[in-house]
Amino acid sequence: MEHVFFGSDDRHLYNVSARSGRVVWKFEAVGPIRSSPTIVEEIVYVGAQDCYVYALNIQDGSVKWKFRTNRPVMSSPTFFEGLVLIGSMDWNLYALDANSGWAVWRYRTGGHVVATPAVDGNLGLAFVGSADGSMYAVDLRTGRMAWKYTTENQVVSSPALFGEAIYFGSVDGFIYSLDARSGEVRWKYKTEGIVVSSPAVVENVVYIGSTDHRVYALPA
Amino acid sequence: MEFLQRLFGKRKEQPVVETVLALEEASVGKGMSFLVGRASHVGKVRGRNEDALFTLDSTILQDDESLPFGLFIVADGMGGHKGGQLASSLTTRVVADWILREVYLPFLMGETQDAGQWPINEALVEAVTTANAAVHEAAPEAGTTLTCALLLGANAYIAHVGDSRAYLVNRTNIRRITRDHSLVDRLIELGQISPEEALTHPQRNVLYRAVGQAGTLEVDTYLQSMPGNSYLLLCSDGLWSVVPEQEIVEIINSAQSPQAACQRLIQVANERGGEDNITAVLVGVRT
Chain A
681 MEHVFFGSDD
691 RHLYNVSARS
701 GRVVWKFEAV
711 GPIRSSPTIV
721 EEIVYVGAQD
731 CYVYALNIQD
741 GSVKWKFRTN
751 RPVMSSPTFF
761 EGLVLIGSMD
771 WNLYALDANS
781 GWAVWRYRTG
791 GHVVATPAVD
801 GNLGLAFVGS
811 ADGSMYAVDL
821 RTGRMAWKYT
831 TENQVVSSPA
841 LFGEAIYFGS
851 VDGFIYSLDA
861 RSGEVRWKYK
871 TEGIVVSSPA
881 VVENVVYIGS
891 TDHRVYALPA
Chain B
10 MEFLQRLFGK
20 RKEQPVVETV
30 LALEEASVGK
40 GMSFLVGRAS
50 HVGKVRGRNE
60 DALFTLDSTI
70 LQDDESLPFG
80 LFIVADGMGG
90 HKGGQLASSL
100 TTRVVADWIL
110 REVYLPFLMG
120 ETQDAGQWPI
130 NEALVEAVTT
140 ANAAVHEAAP
150 EAGTTLTCAL
160 LLGANAYIAH
170 VGDSRAYLVN
180 RTNIRRITRD
190 HSLVDRLIEL
200 GQISPEEALT
210 HPQRNVLYRA
220 VGQAGTLEVD
230 TYLQSMPGNS
240 YLLLCSDGLW
250 SVVPEQEIVE
260 IINSAQSPQA
270 ACQRLIQVAN
280 ERGGEDNITA
290 VLVGVRT
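Keeping their order, the protein sequence lines are chains A and B. If you read the first sequence in the working numbering, its first letter stands for residue 681, the second for the next number, and so on. If you read the second sequence in the working numbering, its first letter stands for residue 10, the second for the next number, and so on.
Next comes chain A alone, as it looks inside the complex (with noise of 0.2 angstroms):
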């Protein structure tokens, strides 16, 4: 059976029936969930604007464990390896262990991340941009950064991974390529609005939208 995972500003996370639409499940947090679901083997992995990150068993929606942030969490988890990568608006960009939910290392950017991240296994980094107006690649092994690249306003979209290189938009109105492993700029693109989505690359082309009511297919 196929089931759809959501959550919801009335705190619930919920697991309906995709054919028939019956509540399977639902679990309550203490604030609203903005943050998208993650399943990895059997665990739903999911932020809520209460601070904290869930871990749900997938037949019952019982709590695995939980992390506690110091504040809401927007941004959705992305699955590594073992490790749950999700930012938060404390600022920061942790890595937990998703076994226990204890946080293997964090990253502290100069804002809030809202946006989620993106890992490329063969560099070992993680890709997430942050309000302070930069997209950071930490280390997946150590929590340290490997390059910043400051934009002029704050990065709320969440990079693609396409080839070598990662592709995102920001509130400074620009659609970007960085190259991966350096974070050296190989295009930039001026939209005329603010670019809070996220881009989608498809043969060898980046589709994202502006709001400046546009949908922008680029050459990657």
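Hint data in this document are derived by calculation from the structure and do not stem from the laboratory. It should be emphasised that the depicted structure is a prediction, and the values quoted were computed from it without experimental measurement. Just to be clear, a hint being listed does not mean it is correct.
If you want the footprint, here are the derived chain A segments under chain B, 3+ residues with CB under 8 angstroms [unchecked claim]: (1) 744-754; (2) 762-770; (3) 782-792; (4) 817-829.
Computed beta-carbon distance windows for the label pairs [claimed, not checked]: (5) A:R788 x B:I69: 29 to 35 angstroms; (6) B:Q201 x A:V895: 52 to 58 angstroms; (7) A:S716 x B:Q212: 51 to 57 angstroms; (8) A:V743 x B:P253: 45 to 51 angstroms; (9) B:M118 x A:G790: 32 to 38 angstroms; (10) B:P204 x A:G873: 55 to 61 angstroms; (11) B:E259 x A:R866: 44 to 50 angstroms; (12) A:D859 x B:P253: 36 to 42 angstroms; (13) B:A223 x A:V885: 54 to 60 angstroms; (14) B:R180 x A:G873: 52 to 58 angstroms; (15) B:Q212 x A:G804: 28 to 34 angstroms; (16) A:A880 x B:M118: 42 to 48 angstroms.
From the three backbone atoms N, C-alpha and C, an ideal C-beta is built for every residue, glycine too.
Got chain A; can you put chain B on it based on the hints?
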């Protein structure tokens, strides 16, 4: 860069005394478990064993699901007049004490983790930094390597200084996880000597980083996801310098248990001369 020279002293051949330690096996509930072996031997040349080890293997069973927690340490001391012994044993105890207090006990106490607690990487670095200060105060002329692995389920978190090593081993392959902080390893990186030449290089025992050194100590940390039915091997250079990596794979996979594998590894190292102290800790991850 501070270089620390190991002190050698040829002694008459010592009788080989097997270090026999009990095999621990955890197999409860669903999920993962560890099989742990460990052994340490003075070798056939040295007068005392300046290696130290620590192993802790525990399992928390909850809702019929087990979450194993393990802490495994190998340290190889250097420095005359028992200084090496003191450095390795003190480091092992300080690091184990620190991790158990700051990570393990809070971990036992509840399901809620929080941003105020030490992240594992920072805890490992802090533990080694504390040990560095303790050794420098207690034995200023001595130092030690340290390879420490904290295992939480299938994730291994490793802190490392010096030239003891951590390896990931499966049925056919072996991969070194840690990087040696030795002069010869730098020379290999620079392409000036080959790995084979390093084994007989006259300065093969010179370290540029060791626990106990003055000033700030840089600690390497590693994350290693452990596949099912793989092994984590921690060992001192008394093993890896005389037993080729592929032979280590064969010994581990042909042994009846990790404990038997450790004893066989030490036996083989002694058959190759046993010029140094030999220590091996082997953790099998079973799913």
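Against the structure, the hints come out as follows:
Taking a C-beta to C-beta cut-off of 8 angstroms, the region 744-754 of chain A contributes 7 residues in contact with chain B, enough for the three needed, and the coverage statement holds. Requiring three or more residues with a Cβ within less than 8 angstroms of a Cβ of chain B, the coverage given for the region 762-770 of chain A holds, as 4 such residues are present. As drawn, the region 782-792 of chain A meets chain B at 5 residues by the rule of a beta-carbon pair under 8 angstroms; at three or more, the given contact holds. Interface restraint, the region 817-829 of chain A with chain B: holds (4 residues with C-beta to C-beta distance below 8 angstroms; minimum three).
Evaluation of the 29 to 35 angstroms hint for A:R788 and B:I69 yields a pass: the beta carbon distance comes to about 30 angstroms. Our hint of 52 to 58 angstroms for B:Q201 and A:V895 holds, since their Cβ atoms are close to 55 angstroms apart. The hint said 51 to 57 angstroms for the Cβ distance between A:S716 and B:Q212, and at roughly 55 angstroms that hint holds. The given range of 45 to 51 angstroms is respected by A:V743 and B:P253, whose C-beta atoms sit roughly 48 angstroms from each other.
Separation of B:M118 from A:G790 is about 33 angstroms and conforms to the stated range, judged on CB atoms against 32 to 38 angstroms. Remark: the range hint 55 to 61 angstroms for B:P204 to A:G873 is upheld by a beta-carbon distance near 57 angstroms. With their beta carbons about 47 angstroms apart, B:E259 and A:R866 fall inside the hinted range of 44 to 50 angstroms. The hint said 36 to 42 angstroms for the Cβ distance between A:D859 and B:P253, and at roughly 39 angstroms that hint holds.
Taking 54 to 60 angstroms as the suggested C-beta distance range, the pair B:A223 and A:V885 conforms, at roughly 57 angstroms. The hinted window of 52 to 58 angstroms between B:R180 and A:G873 holds, with their beta carbons roughly 56 angstroms apart. Between B:Q212 and A:G804 the CB atoms are about 31 angstroms apart, so this pair conforms to the stated range of 28 to 34 angstroms. For A:A880 and B:M118, the Cβ-Cβ distance of about 43 angstroms falls inside the hinted range of 42 to 48 angstroms, so the restraint holds.
Comparing the model with each numbered hint stated earlier shows that all of them hold.
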